[in-house]
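Numbered per the numbering used here, the sequence shown finishes at 993, counting up by one with no gaps.
Just so you know, not all the hints are guaranteed correct.
[To be verified] Derived DMTMM-like pairs (lysine to aspartate or glutamate); straight-line CA-CA distance at most 20 Å: (1) K941 x E966; (2) K871 x E847; (3) K836 x E805; (4) K830 x D866; (5) K830 x E872; (6) K830 x E849; (7) K941 x D880; (8) K971 x E942; (9) K830 x E816; (10) K993 x E966; (11) K830 x E796; (12) K830 x E868; (13) K836 x E816; (14) K871 x D825; (15) K836 x D814; (16) K808 x E796; (17) K871 x E890; (18) K830 x D814; (19) K941 x E926; (20) K871 x D895; (21) K993 x E942; (22) K836 x E796; (23) K830 x D788; (24) K871 x D859; (25) K871 x E829; (26) K830 x E847; (27) K871 x E849; (28) K836 x D788.
Hints were generated in silico from the structure; no laboratory data involved. Small disclaimer: the values here were computed from a predicted structure and weren't measured.
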Amino acid sequence: MTERPSAPPPPNRRRATASLPAGSGRAAPARGSKPEPVAAAPAPAPKNERVRAATPSSHESPAPPATSVSVRPPRPPRKGGAPGEARPARPLSRHFRALQLLAGAAVVLVASTAVAWGARRYIVSSPRFAVRTVLVDGVQRRTAEQVASAGGIEVGKNIFTLDLELAGASISTDPWIEKATVTRKLPSTIQVNVVEREAQALVAIGGDLYLATRDGELFKELAEDDPVDLPIVTGITGEQVARDRAGVIIAVRRLLDVVEDMGRAGVARRYPIQELHVERDGSIVVTIGKEAIALHLGQPPYRDKVGQAARVLTELAQRKASASVIFLDNDAHPERVVVRMK
Numbered sequence: 652m653t654e655r656p657s658a659p660p661p662p663n664r665r666r667a668t669a670s671l672p673a674g675s676g677r678a679a680p681a682r683g684s685k686p687e688p689v690a691a692a693p694a695p696a697p698k699n700e701r702v703r704a705a706t707p708s709s710h711e712s713p714a715p716p717a718t719s720v721s722v723r724p725p726r727p728p729r730k731g732g733a734p735g736e737a738r739p740a741r742p743l744s745r746h747f748r749a750l751q752l753l754a755g756a757a758v759v760l761v762a763s764t765a766v767a768w769g770a771r772r773y774i775v776s777s778p779r780f781a782v783r784t785v786l787v788d789g790v791q792r793r794t795a796e797q798v799a800s801a802g803g804i805e806v807g808k809n810i811f812t813l814d815l816e817l818a819g820a821s822i823s824t825d826p827w828i829e830k831a832t833v834t835r836k837l838p839s840t841i842q843v844n845v846v847e848r849e850a851q852a853l854v855a856i857g858g859d860l861y862l863a864t865r866d867g868e869l870f871k872e873l874a875e876d877d878p879v880d881l882p883i884v885t886g887i888t889g890e891q892v893a894r895d896r897a898g899v900i901i902a903v904r905r906l907l908d909v910v911e912d913m914g915r916a917g918v919a920r921r922y923p924i925q926e927l928h929v930e931r932d933g934s935i936v937v938t939i940g941k942e943a944i945a946l947h948l949g950q951p952p953y954r955d956k957v958g959q960a961a962r963v964l965t966e967l968a969q970r971k972a973s974a975s976v977i978f979l980d981n982d983a984h985p986e987r988v989v990v991r992m993k
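Could you put together the complete structure from these sequences and hints?
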């Protein structure tokens, strides 16, 4: 009986074989027997699926460390401690910081004080700042030497040691000086600007005469070298001054307004004013000219009455008549003027 030849293997198909290591315990299949099925290889992981890396075996080298890791050298060991033991960091105390700030401020303050002291020592002792010139403007009744002496201003004295306000106040104590301003002009000049009072009238109070300004202020008693060619105000008592000084100042100012009106009207030029008398009721009588003509002006206002007096005096001069009294105090009929002839 002839044997039928076995069928040849199919084309383009590889025979699956599995090799086992020697001594594995499993025998190779006999020839002509069916081969045992071999387990298929695991399918590859999908591309988008994260694959966990296998744990390296003991014979493989470890992965290199990360390059961003920095290694800090160990701190020196404390005294009495272990060589490798690090000293713990101690936070800076808040009080210690405050002490540091105070110490810095104290150093700056001491340095600034030393610089200021040195600068002051220089300017108060240097001959460059010694007073060499004193300029005084605005004086007529006093000399420049008198003004400087009154203010304590001395040539050769340090210009910065002079108290300017005190010097001006001292100069202003002179009755003739209403105001004094003292300034420095470095390096060695003192400038003094003076405003003097100007006497406009003499005011008789009791048995004494006082000089009065245009504002009616009584600023000094008449002295030997003071001017006397001024109109005299009479009729004011010491009791009035003590009781109502402000009222007296207003009365004197009103009388000086009359003097100004008479000068504007031309009366004072032809008939110089001799006396301005205040009556008990407040009305005034003005004595003018060498003839001592008395103008009774009564109560204010006086400007129109002064103009009327100027017209009457002009007419009397044209008639070559001489009057002793002219009454212009009729307030009910101000157009009526009564003239008493000599």
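A quick look at each hint next to the structure:
As the CA atoms of K941 and E966 are separated by approximately 18 Å, the hinted pair is consistent with the 20 Å bound. As the CA atoms of K871 and E847 are separated by approximately 13 Å, the hinted pair is consistent with the 20 Å bound. Restraint check: the Cα-Cα separation between K836 and E805 comes to about 15 Å, which is no more than 20 Å; the hinted pair holds. Between K830 and D866 the CA atoms are separated by roughly 15 Å; this keeps the pair inside 20 Å, and the hint holds.
Taking the CA atoms of K830 and E872, the gap is about 19 Å. The hint holds against a cut of 20 Å. A threshold of 20 Å between alpha carbons decides the hint, and for K830 with E849 the separation of about 12 Å falls inside it, so the pair holds. Restraint check: the Cα-Cα separation between K941 and D880 comes to about 14 Å, which is no more than 20 Å; the hinted pair holds. Distance hint between K971 and E942 is fulfilled; the C-alpha atoms sit about 13 Å from each other, no more than 20 Å.
About 11 Å separates the Cα atoms of K830 and E816, which keeps this hinted pair within 20 Å; it holds. Of the pairs offered as hints, the one joining K993 and E966 holds, with about 16 Å between alpha carbons and a cut-off of 20 Å not exceeded. The hinted pair formed by K830 and E796 meets the criterion: a straight-line CA distance of about 17 Å does not exceed 20 Å. For a cut-off of 20 Å, the pair hint linking K830 to E868 stands: about 15 Å separates their Cα positions.
Between K836 and E816, the direct Cα distance comes to roughly 15 Å. Compliance with the 20 Å bound is thereby established for this hinted pair. Distance hint between K871 and D825 is fulfilled; the C-alpha atoms sit about 10 Å from each other, no more than 20 Å. The suggested pairing of K836 with D814 holds, with an alpha-carbon distance near 14 Å, which does not exceed 20 Å. A threshold of 20 Å between alpha carbons decides the hint, and for K808 with E796 the separation of about 15 Å falls inside it, so the pair holds.
About 18 Å separates the Cα atoms of K871 and E890, which keeps this hinted pair within 20 Å; it holds. Taken as a hint, the K830 and D814 pair is honoured in the structure, with Cα atoms around 16 Å apart against an allowance of 20 Å. Between K941 and E926, the direct Cα distance comes to roughly 12 Å. Compliance with the 20 Å bound is thereby established for this hinted pair. Proximity of K871 to D895 is assessed by CA-CA distance (about 18 Å); at most 20 Å being required, the pair is judged to hold.
For a cut-off of 20 Å, the pair hint linking K993 to E942 stands: about 10 Å separates their Cα positions. Restraint check: the Cα-Cα separation between K836 and E796 comes to about 18 Å, which is no more than 20 Å; the hinted pair holds. Simply put, K830 and D788 have alpha-carbon atoms about 12 Å apart, close enough for the 20 Å limit, and the pair holds. Restraint check: the Cα-Cα separation between K871 and D859 comes to about 11 Å, which is no more than 20 Å; the hinted pair holds.
In summary, the hint linking K871 to E829 is supported, as the alpha carbons are separated by about 12 Å, within the 20 Å threshold. A threshold of 20 Å between alpha carbons decides the hint, and for K830 with E847 the separation of about 7 Å falls inside it, so the pair holds. The hinted pair formed by K871 and E849 meets the criterion: a straight-line CA distance of about 11 Å does not exceed 20 Å. Among the hinted pairs, K836 with D788 is consistent with the structure: their alpha-carbon atoms are about 15 Å apart, no more than 20 Å.
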